[in-house]
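J.: So you can see what is in the structure, the chains are spelled out below.
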Amino acid sequence: DIQMTQSPSSLSASVGDRVTMTCRASQSISIYLNWYQQKPGKAPNLLISATSSLQSGVPSRFSGSGSGTDFTLTISSLQPEDFATYYCQHSYSAPWTFGQGTKVEIK
Amino acid sequence: QVQLVQSGAEVKKPGASVKVSCKASGYIFTTYYMHWVRQAPGHGPEWMGIINPGEGSTSYAQKFQGRVTMTRDTSTNTFYMELSSLRSQDTAVYYCARRGSENAFDYWGQGTLVTVSS
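Top to bottom, those sequences are chains A and B.
Here the first sequence stands for residues 1 to 107, where the numbers follow the numbering used here.
Here the second sequence stands for residues 1001 to 1118, where the numbers follow the numbering used here.
Derived from the structure by calculation, the hints contain no laboratory data.
Keep in mind the model is a prediction, meaning the values are calculated, not measured.
Treat the hints loosely; a few may be bogus.
[Said to hold, decoys possible] Each pair of labels, with its calculated beta carbon distance range:
no.: 1; chain 1: A; residue 1: Arg-24; chain 2: B; residue 2: Thr-1030; range: 30 to 38 Å
no.: 2; chain 1: A; residue 1: Ser-12; chain 2: B; residue 2: Val-1002; range: 30 to 38 Å
no.: 3; chain 1: B; residue 1: Ser-1025; chain 2: A; residue 2: Tyr-92; range: 24 to 32 Å
[As the list claims (entries may be wrong)] Output of the computed footprint for chain A on chain B, the stretches with three or more beta carbons under 8 Å from beta carbons of chain A:
no.: 4; stretch: 1005 to 1017
no.: 5; stretch: 1109 to 1115
Virtual Cβ for every residue (Gly too), placed ideally from N, Cα, C.
Chain B extracted, bound-state conformation (with noise of 0.2 Å):
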């Protein structure tokens, strides 16, 4: 069965970076392509970018550039998803989320909280 296993909640500073890896089993994991999502407290989930396994391309939300950084290691079917510059705005849980077919993201890890605080 697909699972996607997420890193720990994170606690950081304004300005550090946080890097939250999403363990991927239960299917061939150069074959789907990873999103991930945030959502924030009391809000909607809000789209960051999408990763290529295969070859480890990416797309990025316009509102993260410059920002985030997603990567994956195929020998161990892990992606990465690393956000730097924090502020407290980007509290929130982060969400990896596989593209199934038609485009939906058909499978979602646990998601890991991050809080920025001082």
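Extracted from the complex, chain A is given alone in its bound form (with noise of 0.2 Å):
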């Protein structure tokens, strides 16, 4: 199975700070590497789906990069709203698995 690990486990920022998480695949998944938003007590939302491809009503502050099996998703301005946790996950081949996840807070 292919791992996905995400750094940092948290981070803390203030409204209108850059941020920027990492993902890592275990073996090269090409871009097939999607990202979620989860708020507690919510499911997660699709953000960005093959790596860099902004879902429909998803805010231009979003961007996603990368290839092969490392991953970048950067918030470029944070906003109230964008206090949640992130998921990685990739879709390259069964099972797919999500990575353990990136909460952002509040400094």
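Using the hints, put the two chains back together into the complex; each one sits in its own frame.
T.: What follows is the structure in structure tokens.
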């Protein structure tokens, strides 16, 4: 199985900050990497698919990059509604595994 | 608009089975595969398996092989996930999630809390 490792596990940031988090796959997954945002008590919400394709309705301050084994999610200017946990997930082949998450907290 | 509406919370005893439903609407039922994912308290999501709504064929994560059964009813546009031989470690929120383009999980149900406790 492909293992997904996210870092950091948590970070503190202020509104307006630029925030970057990373996801590493245990083997190459090409660009088959997706990012989700999850708020407490809610289902995950797809933000970005295939490394960098922003989903409809997702603000342009979110962006993704990378290929192979190393990927990045960037929030260019953190907004109050962005405080949440972010998960990466590969869609290269079954089983489709998720990372353990990066929790973005208010500084 | 796409909607996935799941059944309500369940409390089960160890060794019992649970069956969670997921009613789909807002799209053509047979054109999108459906995943099942669970999330234990404080943990990341865990993929359990996927079902092809047209043929009913399935693929399960090895961890759940022999304990999970995924089915669908095309007459009611509903998916089902049954997990047997429940243990306390199966306490989690269970989600159905549609497989969208590029194999991402594009729409999710609201989740069903399954609590396993004696």
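J.: Does the stretch 1005 to 1017 of chain B contain three or more residues whose Cβ lies closer than 8 Å to a Cβ of chain A?
T.: Our answer is that it is violated, as 0 residues pass the Cβ test (under 8 Å) against chain A, missing three.
J.: 30 to 38 Å was suggested as the range; check whether the CB atoms of Arg-24/A and Thr-1030/B agree with it.
T.: The hint (30 to 38 Å, Cβ to Cβ) holds, given that Arg-24/A and Thr-1030/B are roughly 37 Å apart.
J.: Quick check: does the Cβ-Cβ distance between Ser-1025/B and Tyr-92/A fall within 24 to 32 Å?
T.: Since Ser-1025/B and Tyr-92/A have Cβ atoms about 30 Å apart, the given range 24 to 32 Å holds.
J.: Please check whether the stretch 1109 to 1115 of chain B has three or more residues whose CB lies within less than 8 Å of a CB on chain A.
T.: Result for this restraint: holds, n = 3.
J.: Are Ser-12/A and Val-1002/B spaced within 30 to 38 Å by their CB atoms?
T.: holds, 35 Å
Of the numbered hints given earlier, the model fails hint 4 alone.
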